Structure formats: C-alpha cells, structure tokens
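Chains U, S and X: place on chain C using the hints.
Number of protein chains: 4
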Amino acid sequence: MPASLSKTIALIAGAGPGTGAAISRRFAKAYPVVLLARNQETLDSIAKDINQNGGSAIGFATDATSSSSMNETFSKIEEKFGPDFRIAAAIYNVAARFQKSPFLEQNLDDFMKQLDPTIKGAFNFAQAALPRMINPSGAAGEHPPTLIFTGATAALKAGSGLSAFAMSKFGIRAMSQSLAREFGPQGVHVSHAVIDGLIDTEATKAYPPHEPDAKIAPDQIAESYWYLHTQPRSAFTQELDLRPFSETW
Amino acid sequence: MPASLSKTIALIAGAGPGTGAAISRRFAKAYPVVLLARNQETLDSIAKDINQNGGSAIGFATDATSSSSMNETFSKIEEKFGPDFRIAAAIYNVAARFQKSPFLEQNLDDFMKQLDPTIKGAFNFAQAALPRMINPSGAAGEHPPTLIFTGATAALKAGSGLSAFAMSKFGIRAMSQSLAREFGPQGVHVSHAVIDGLIDTEATKAYPPHEPDAKIAPDQIAESYWYLHTQPRSAFTQELDLRPFSETW
Amino acid sequence: MPASLSKTIALIAGAGPGTGAAISRRFAKAYPVVLLARNQETLDSIAKDINQNGGSAIGFATDATSSSSMNETFSKIEEKFGPDFRIAAAIYNVAARFQKSPFLEQNLDDFMKQLDPTIKGAFNFAQAALPRMINPSGAAGEHPPTLIFTGATAALKAGSGLSAFAMSKFGIRAMSQSLAREFGPQGVHVSHAVIDGLIDTEATKAYPPHEPDAKIAPDQIAESYWYLHTQPRSAFTQELDLRPFSETW
Amino acid sequence: MPASLSKTIALIAGAGPGTGAAISRRFAKAYPVVLLARNQETLDSIAKDINQNGGSAIGFATDATSSSSMNETFSKIEEKFGPDFRIAAAIYNVAARFQKSPFLEQNLDDFMKQLDPTIKGAFNFAQAALPRMINPSGAAGEHPPTLIFTGATAALKAGSGLSAFAMSKFGIRAMSQSLAREFGPQGVHVSHAVIDGLIDTEATKAYPPHEPDAKIAPDQIAESYWYLHTQPRSAFTQELDLRPFSETW
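In order, the protein sequences belong to chains C, U, S and X. Take the first sequence: its letter number 106 is residue 106 in our numbering, and every next letter is one higher. Take the second sequence: its letter number 165 is residue 165 in our numbering, and every next letter is one higher. Take the third sequence: its letter number 137 is residue 137 in our numbering, and every next letter is one higher. Take the fourth sequence: its letter number 234 is residue 234 in our numbering, and every next letter is one higher.
Isolated chain C (complex conformation) (with noise of 0.2 Å):
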C-alpha cells in the first residue's frame, strides 16, 4: 500500500460482534480499519481476526456520546495515520437499545439514555468524521467519501411503547437527511440504511423465524454498505431498505 494511500481510512463506529464486524471486514478490504466501541476486547477480537486475514485493523475503545472521549479517539488516530489522515467512509452504526415499556412507567433519566446513542453519538461522530471527508474538488480517492447511518423500520413507523426507541431512529433518518443536503454538494455521500427485520447473529439465534435467509445475513448488510460507498456522485443513494426475502411487512 502506497504511503499516501495509507492515510485513507475507513472509520466504524458500533463495531461489535454482528453487523459492526462484518461492516469492519468488508471495509478491510479496502482500507485500512478503525473501529470503534465501549468495549475494547470486542474491538481487539474483530481487529485481532481482520489482521489475521491480511486486512489492516486497530480499535479504540470510545464512548460516542461524549465529546471528549471521540476527540481523544481522533488524537489517537491521528497519532497512527498523521495529522492529515482522511476518511474513505465512516460508519455509524450504534445501535439504539430497543426497550419496550408503558410510557407512564418510563422515567426521563433512563427515557434520554436510550436517546443518547443516536442523538449525542452520532452527532458528536458526524463532527469528528465531516472535516477529513469533504472534497468538493471531486477529485481524490476512488470514491466519494460516504457517511452512512444505520437506521431501522422505526425511523418511519413509531411502535406503542416505544417512544425512545422510535424518536431516536426518526432522529437519526433527519440527521442522516439533513447532512445529506448540506454535504452532498461538498463531495460527501451521506446515506440512511433502514434495516427491517432481525439481523442474524449469535444474539438473536432463538428468535423466529428458523427459516433459511430469513434473517438479515450481516455480510449482506455490510455489502449493501460497500456499495453505497462506490455509488459515483452523479448517483448518490440517500435510503435504501434491507429485509429478508420472507418478510411479511
């Protein structure tokens, strides 16, 4: 890899065990990885096996929705890729904690930590992030720079008791909207991922439906992230919908 390409980096944040990871993977194979989450092992273990497999991978154990803790996280990358470092693509991709309660049972503290995530985290990331993607000359890189969200069917549609859950995938589908029309014209592809169904990971193993494919497969979520990524500016994908073949709406 040639030394000036080397600064190129794509940048995931939520990269845990499912999604997270296969987005990191996937990305590997063009980039040099960062990712990023509370929990420093996950992020060594997803790092350790990217390495292994002749990708380039390191983890930063950052907590998104505080300021200070992601520009520390930025020192540190500047610190590995130099001052100048840019960013090919950067992921958001932590998840809001789906919690179903009565409302009235709800309480504020707990009602604003569940909005925390999309609210603070991607707001603080998209921040970090917009300064080395930019590029309104059109010219660097392969790829327009990409700045992708991943949303869920909540973001249209708010379910009884789940008014947090709901506000914070609206909030993040406006965010996501809002960058879109101011970056888009500076080079930069913001895009809203709605991932409709449940993902197929180790958590979610129990669940129905047992069906082959009838869960959301997270490689082909990270694919679908990967193409987005090499969409060429005159044809910028702003939302697109992911849902296993058998769903039922």
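In short, the hints are calculated from the structure, not lab data. Since the model is a prediction, treat every value here as computed from it, not as a measurement. One thing to keep in mind: the hints can contain errors.
[To be verified] List of simulated lysine-lysine pairs, BS3-like, C-alpha gap at most 30 Å:
id, chain 1, residue 1, chain 2, residue 2
1, X, Lys157, X, Lys205
2, C, Lys76, C, Lys48
3, S, Lys29, U, Lys29
4, C, Lys113, U, Lys48
5, C, Lys157, U, Lys48
6, X, Lys157, U, Lys100
7, U, Lys157, X, Lys100
8, X, Lys157, C, Lys157
9, C, Lys157, U, Lys113
10, S, Lys157, S, Lys113
11, S, Lys100, X, Lys113
12, S, Lys100, C, Lys157
13, X, Lys100, S, Lys157
14, S, Lys113, X, Lys157
15, S, Lys157, X, Lys113
16, U, Lys48, U, Lys76
Leaving out everything else, chains U, S and X in the frame of chain C:
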C-alpha cells in the same frame, strides 16, 4: 358550570402570545384553561384577556424541560382544581428553536438545548398529563380526552443546516405516533399537527408573503385543534397538515 | 333561502347508502345537495330522506367513468340550478372495488376496470366541477370551495394481491396532491382523507371487530369533511387520516 | 456459456438510447439480454453494440401496453431460448410521458394514454415475466431473480399540472410494493428505483445544470440495478433513490 365539570380542564403548554394564546382562547370557550410557559407575565396577560371575556384561565410559569418544575405545576393545579382534576385536552405547543447554521459550526451543548423542548419537555408533559386523561370506558365527558402536539414540515423533511430542528420535529412526530398507538385503545386521542408555513403573528409581520391569508392564522390552528378534540373515538385523526392556500410547497 | 344562494350546491359522487349518504345529509344542512351514483333508486332513497328532513336533495344516475354521462348530468344540474350555478363542495367518494387475488390470476381488462372509478371517474368529476369552484378573489361564499377525495390506507402502503386497489388509491392521492398545488392558489381547497379501518355500515355488520366504536361511523367521516370545508384559506388541510381509537395499526 | 445457463436471460423493457441501453449493456455482461421497445431500429442499434462487444443481445419491437404484443414477443423469446427459458432479471424502464399542462386543458383520452405505459405496460410485463422468475427453492441461479421498476420523485410528491405523470409514478410504486409483498416470499426480488434528477442523455444535453456529474449518469443507474440484482434473499432492497450530489432537493 356544575361542580363536577369544573374539575375538568384544558392544559396548554407553550402558551405564548401567538398560537398558544389562540389555542387557549378557543379551549376556554369550553373548559377552564391552565396555561404553561416560562414567562409568568405572558401567561398573566393571556389569562387576563380570557378572564375578562367570560372564560376562566390561570397561568403557571413552568420549565417543561424540568420534571420537577412540571411536577410543581401539577401540584398547583391540584390545589386549584382538586386532587382528582381531569384533563379534557392537553396541547403541547412548545416551539423548538429554529436555528439554521452550518453543522460543523454547531456545538453539542447548544444542539442538545435545541432538542430539549421537544424531547424532555414533551416527555414530561405527556407523562404528567396522560394519567388524568385515560378513559377506557369511553363514558365520561362530551369529547374524548385529546393530546395534541404541534409539529412542522420539518417533521417530514430535514433541511440543510437544520439537523437539530429536524431531529426535534421528527422526534415529536415519533412520540405522537407511539403514544397514539399505546393510548388510543385507552380512549385518549393523540394527534400531531404539521404546521406548514409561517404563522401570522407579531414576530413574522416583517416577513413575506404579505398577501392576505398567505400566513396561517393562529385562530385557525386553534379551530383545527378544537375540531380534533371533538372527534369521537370511532374516527380519530392522528395527523393533519395546515397550510395557506397560496403555498407553493 | 335567497335566490342567489340557491345556486350554490354541494355535489357528492358515490352517494351510496353508507358514507355517501352520511356526507350528503351533512352538507344538506347548508346547501342544496346533488347526488351522483350509478343507481337511481339508491339516490332517490337518500334524496327523499333529506327532503323529508328539511334539506333539499336531488339525485342523477351517473356513470362517473364516462365523460358523456358526467356532461349529461352537469346539463341537468344547469337546468335545475341555472347556467351559472356554483359548487361550494365537491366530494368524490366513489369506491374502488376491493378485490384481492393472486396477481398472476388477474387479467388486464378486469385490472383496468378496477382502476376506472379512481382514474377516469376522478378525472371526469374534477374537470367538470373545478370550473365552478375556482375563486381567486376569496370573496364569495362563507367557506372556500372544497374538493375532497375519499382515500384509504392503501394509498400509502400496497398489500399483497392488491396491486389494482393500491394503484387506484395511490393514484387518487397523487391527483389530490397535484390538484391542491394547482388550484389552492386559485382559492380551491383540495383534500384527501385516508380512511383507515372498516366503516360501520350494513355491509360490514358481520365483520369484526364488534366492540362499540371500533368501526368508523359514516357520520363522523361526514363531520370531518364538513370541517375541512369550513377551514378558511389561511389554513387548509390537504390530508388527514381517520381511524377508530381501538385500531392496532 | 454452458447450455443450461444460456436459457436464462435478462429482459429489459424500455430499451431506449439512454438509460435502457446502459442497463442492457450492464446485464449483458452476465446474461443474454432481450430488449423490448416500440422502435425496432433503436433496439437493433443497442443490440448490435452489445453483440460487437462480447455480449449477446436481441431486440423485439413490442408495444408493452398491448397484451397481445407482449404475448407475441414472449413467443419469439421462447423460439429463440427454448420453451423453458428463465428470467434472471426483468427491468421495466418504460417512461411515462412527462407532460405538464393546466388540468382543465387536459382531456381524458390523452390523460389515459399518459397512464398506459405504467399501468397496462407494467401489468403486461410483470404478468408475462413473473412465471419465469418464481423461485421458491432459492436454489437455482447465482442471484435471486429480480424485477425492477424505474420510478421517479413524482412517485412521492405530485406537482401542479402533473396529475397524470404523478398518478403513473405513484401507481408504479404501488405495483412494485404489492408485487414485492406477494412474490418476495416466492423468491423474487421486486424493487423500485426513485430517479430524482435529470438523467444525462442526448435528450437532456441542453438543460442545466451543466456542472460535471450534476446529471445522473445512465451507467450508474445500470450499476445500481445490477447491485439490486446481486442482493441475496436475506437482504432485499425494495426501494432506493438516486440523485446527483449537487441536487438541492
């Protein structure tokens, strides 16, 4: 007014001089109204006007974003209307600050403050009001208890430089949908009004368009809220838009 | 009723025994109503009821999908109300046939016939009615002239085996939006009502749910249409939904 | 190409010189392509180009709005590819005429003709293609069979003077959703692409914007359709939008 009915109030949060005052006047034709806003003077002025015109109004300075302030206010309402007072209509008309600026020039604290009115405020208001609205029998009261949130076009489409404003409006829409699905079956009518256009107030006098009726009359927002309140439970409207005839969309 | 006012009518197409009759009765409180449907007997029965209760109604058997039938009907209205009659409210309540079947078992002729009421019919109705509604001055009449289309949830979400039905409902929504944007600035209020649930009529008596108010009362659809009609031009609603409180969405 | 695979084709309706040709070239990298359009000369020119560049293409002049013409074409495809030919990808790219005019100056016949391509044409195409696409086993073929409809922003928002155009675009979206829900569980991937912007073709050369990449490159529409085709059945996208980076929405 018989004693029992005197304990059923309409509660308007965001009772400012424009739309809030108009809503308050409209609901005061049918109920004693309790007005909430930060500024006691504004409240007193609106209440005085209502009281002089045959209605009954009282204002309590409240910071809706603070649970303790909201609780304090509800204690005062109890003192005045009795421990078992009921709410016929609760209107959440607190405005999110409209503040357009380049995303990279925003800061997190300010961003979060822009969201507080719609997130914390709406949460506190709905949690305090709903227990006094639930009506599974469908029996009492001429009209089903009604919880209305004032929204905006930004609830559907997020503009450049407006991610906080859009997030707050998308969020209030999410909350209204989620509460509608939870509390509809409990007899509470939860609605969301999409205000699409400038409202005709002192504050917007200088702005175009200057043609007659090209801004939304506050009294007509009030009439539409009253109409929502009168819908019987066989035909609830969850969402409607309001827009001047001359709007080019 | 003074002579000049007698020339302003309400026109209801799709005046069947359920919702159409309810709408006709409601608008008959304010205007002479002209009822259109295929079946003269049904029309006569509704008209008779209205005439016996202090209103003024007349029905003309019309095939809305035929331009010539629609023109003939308008000639008859002219004969009765004078060449310069005006339309205060035009309601297009003609139902698309709800017909669910596997797509591969459908045939083109039948498919097109399912679409005719909403495409040809709505086109013919709007073209005939609008020239007698346009009102740029905003002066005449107590309420702005109003053109309302009855829609359904299928206007927003298309179900399996229902492509014709969905196409017809998506289509009527498209027409209502397009006409709103063209004729709003000409003083005509164009609206679309999303009926989301079973309507409580003789035809649906056998179907669940059987709880009180769990089907939409036709009279309440009528009230909501009347409310739309009364909105002044500073605050037009283009779309509202109607749904029983018990609906689980 | 092995004999068995040679019987699996890609079918492109609306194979005009811009987007249709680009889609045809893209799918010709993987399948023999069959091109449908009204004009045989256009088809021949596209086919010749593909055949000279290592692909395999044949064009059949077809009026998609006529069942008999569509059936005739399918007989010819059978003759060429065998009675049991299969369709890997069917793309419905037939354009609705964009025709803006005051509603009251339109006439029914012309209105209906504007709708024919999307209603009759899409119906005929989907009915002829789907029986050769259904794949409940999920076994055969590298990629799930894919039915894609080209749509437009007018599928989501109807402009003034554009009711026929909007009706046709709303309608095609309705059909794609309905078919997705019926045929997804049968292994067919049904998608809808919202083209939001001018496509960069000979026909639009004169129109602004003239900045590089400010119109949508037909090849990129083709790439996105190919990507949709490659999605495995655990993660189908039903709808995506495509828009130049510079679009101000």
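Consistency of the hints with the structure:
{"no.": "1", "hint": "Lys157(X) to Lys205(X)", "result": "holds, 26 Å"}
{"no.": "2", "hint": "Lys76(C) to Lys48(C)", "result": "holds, 18 Å"}
{"no.": "3", "hint": "Lys29(S) to Lys29(U)", "result": "holds, 24 Å"}
{"no.": "4", "hint": "Lys113(C) to Lys48(U)", "result": "violated, 41 Å"}
{"no.": "5", "hint": "Lys157(C) to Lys48(U)", "result": "violated, 42 Å"}
{"no.": "6", "hint": "Lys157(X) to Lys100(U)", "result": "holds, 25 Å"}
{"no.": "7", "hint": "Lys157(U) to Lys100(X)", "result": "holds, 25 Å"}
{"no.": "8", "hint": "Lys157(X) to Lys157(C)", "result": "holds, 19 Å"}
{"no.": "9", "hint": "Lys157(C) to Lys113(U)", "result": "holds, 25 Å"}
{"no.": "10", "hint": "Lys157(S) to Lys113(S)", "result": "holds, 21 Å"}
{"no.": "11", "hint": "Lys100(S) to Lys113(X)", "result": "holds, 26 Å"}
{"no.": "12", "hint": "Lys100(S) to Lys157(C)", "result": "holds, 25 Å"}
{"no.": "13", "hint": "Lys100(X) to Lys157(S)", "result": "holds, 27 Å"}
{"no.": "14", "hint": "Lys113(S) to Lys157(X)", "result": "holds, 25 Å"}
{"no.": "15", "hint": "Lys157(S) to Lys113(X)", "result": "holds, 25 Å"}
{"no.": "16", "hint": "Lys48(U) to Lys76(U)", "result": "holds, 18 Å"}
Going through the hint list in order, the structure does not satisfy hints 4, 5.
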